[in-house]
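Could you put the whole structure together from the sequences, leaning on the hints where they help?
Chain by chain, the residues run as shown.
Number of protein chains: 2
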Amino acid sequence: MGSNGGQDLQVLIERFEQGHATAAARLITILENGGEPAESVMDRIFPKARGAYRIGFTGPPGAGKSSLVLHISQLLRRRDVQIGVIAVDPTSPFSGGALLGDRIRMQRLTGDPGVFVRSLASRGSLGGISNCTDEVADLLDAFGKEMILIETVGVGQSELEIAETTHTVVVILVPESGDGIQAMKAGLMEIGDVFVMNKADHPDSELAAKEIEDTLRLKNVPDGAWIPPVVLTSALEGRGIKELAESIEKHHRYLEEEDRLVEKRRRILRSRVRSAFMDRMERKIWDDPSVREILSERIGDVYEGRLSPYRLVQELEKRVKIE
Amino acid sequence: MGSNGGQDLQVLIERFEQGHATAAARLITILENGGEPAESVMDRIFPKARGAYRIGFTGPPGAGKSSLVLHISQLLRRRDVQIGVIAVDPTSPFSGGALLGDRIRMQRLTGDPGVFVRSLASRGSLGGISNCTDEVADLLDAFGKEMILIETVGVGQSELEIAETTHTVVVILVPESGDGIQAMKAGLMEIGDVFVMNKADHPDSELAAKEIEDTLRLKNVPDGAWIPPVVLTSALEGRGIKELAESIEKHHRYLEEEDRLVEKRRRILRSRVRSAFMDRMERKIWDDPSVREILSERIGDVYEGRLSPYRLVQELEKRVKIE
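Chain order of the listed sequences is A and B. So the first sequence is residues 1 to 323, counted in the numbering used here. So the second sequence is residues 1 to 323, counted in the numbering used here.
Hints are not guaranteed to be accurate.
Said to hold, decoys possible - Below are the DMTMM-like pairs computed for lysine to aspartate or glutamate, each with C-alpha atoms no more than 25 angstroms apart in a straight line:
no.	chain 1	residue 1	chain 2	residue 2
1	B	Lys-264	A	Glu-206
2	B	Lys-284	A	Glu-315
3	B	Lys-321	A	Asp-288
4	A	Lys-318	A	Asp-301
5	B	Lys-284	A	Asp-259
6	A	Lys-284	B	Glu-164
Honestly, the hints are just simulated from the structure, not real lab data.
Shown next, in the form of structure tokens:
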């Protein structure tokens, strides 16, 4: 950012505060790049966040997540809700190719100043939501967006991460069989607040929706707990969108009762502090000259089988003190 | 383990050294449970590992990984190679149901004292190889197994983990289209040393194999670098198994040239030390009373938006000293 980086940042933040989308886009790039500049941006942005509601959309690739996000976005815009869309999905049309219908919907959406769309690189080639998803959501929140829609592909560990980032998790499934889909479903069952059986025109969709309902009912839930509804949709034909929006709102209202949303927001912040702290510790410890010295002296013993990796770890651990 | 845990462990290790599979199985359970007993086992086991060759088998669920592992195991046994099989795949027949042919192969295999088969719980519902895969592989190595075959489902971040655990990574794909498979393939392309296009009886299998070859050829590889072969197999009919085994051996020989295998083994050990150290640090730091006190005092400011999560992290960081 050069020697007058602080000044540049100041100008950028001012333009952001005046509502310029280009400034928001540039700030997001700074957040993506991380480091001290990203932390300075966060210092300025974080207090301005007003508590936008965050909705995660996840499911196997090809289940129609992006199409549904587009439909829900259009619906929210018709109600004049300011929205932000974050796509952390390499297979998403937000990040690349799209069906023709989606592409037209995308164009309408991106031409609307009430919507801010951003796709972020995912951490892995496929799994894992971006490291800065939370921060970008904060920024869109501070930019005045009232609802943040986050699309992420639901495979592996990312499914847990989206539940730690958003307030309502929408799990989108299709009536497909196959071991792959079955295994993914198993993980996704744990995190959904609302389930969608997309491709309602498929002959097996009602049966598949029923199966999910049955699985959910088998779980032992305490009295008054949220029971996730299963909504049948057809993203292609735009059917079931209103019902999906209603289910999301219903979950939102549920969370607002008995301070559940406050508790959830706090839990999310605590887990953010924890993971940011551990990321920093990893760098700090691993770059430390004393740690590096022990490591270079003793790793040979591990290579030769004279020392188990755990004993070396214990030696390293002795160098770290907490006051 | 009771008050004479150390003595029990001693007996168990002795029986393990005498070659009793039941003792090996019990020690694996101790490794799975983790903590101090696991570390004691590792202290005893680790120096006895002789450097077994580790082969990872990964790919989308339903691609036929387990069937191929069974076929390769049978082939290795006919050559009198002592083998260990670790399945970290919730969809694997090693862990549950199987095709009839596989079940028969499994029975033959498990009746053979030259084979030790163990399935491990995966960390996530689907993604992630087990935390103790490396340790179990060490144990099987110390038990006299010459080749360790590790089967893991290739989704999300686990694909990277298997590459950090094994010497040769075999990526198994099927000639299936669909966004899901495409996205998985994208991540798997990065880590394969040998590619398998299974279900060679499928009409599109040759075309699909050709596509993978083309993708691999597009990569800019330095002179003398390994170019992953693509092998057509039919796990169902047992075709292409010999060719697959030859490709794996060829990669093994390639690694043995110019100290590549030594380097790879070291890299794997370094990354094990690093991740074990960070796991330990996370517990140590997070359980520390001083850290907990700052956290409970200041987290409220984060909740109220007065303090960004990063500034709190910086405050926490000041308490950690490295000498």
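Evaluation of the provided hints:
1. A threshold of 25 angstroms between alpha carbons decides the hint, and for B/Lys-264 with A/Glu-206 the separation of about 51 angstroms lies outside it, so the pair is violated.
2. Using a Cα cut-off of 25 angstroms, the hinted pair B/Lys-284 and A/Glu-315 holds, with the two alpha carbons roughly 14 angstroms apart.
3. Taking the CA atoms of B/Lys-321 and A/Asp-288, the gap is near 10 angstroms; set against the 25 angstroms cutoff, the hint holds.
4. Using a Cα cut-off of 25 angstroms, the hinted pair A/Lys-318 and A/Asp-301 holds, with the two alpha carbons roughly 18 angstroms apart.
5. Of the pairs offered as hints, the one joining B/Lys-284 and A/Asp-259 is violated, with about 32 angstroms between alpha carbons and a cut-off of 25 angstroms exceeded.
6. The suggested pairing of A/Lys-284 with B/Glu-164 holds, with an alpha-carbon distance near 23 angstroms, which does not exceed 25 angstroms.
Going through the hint list in order, the structure does not satisfy hints 1 and 5.
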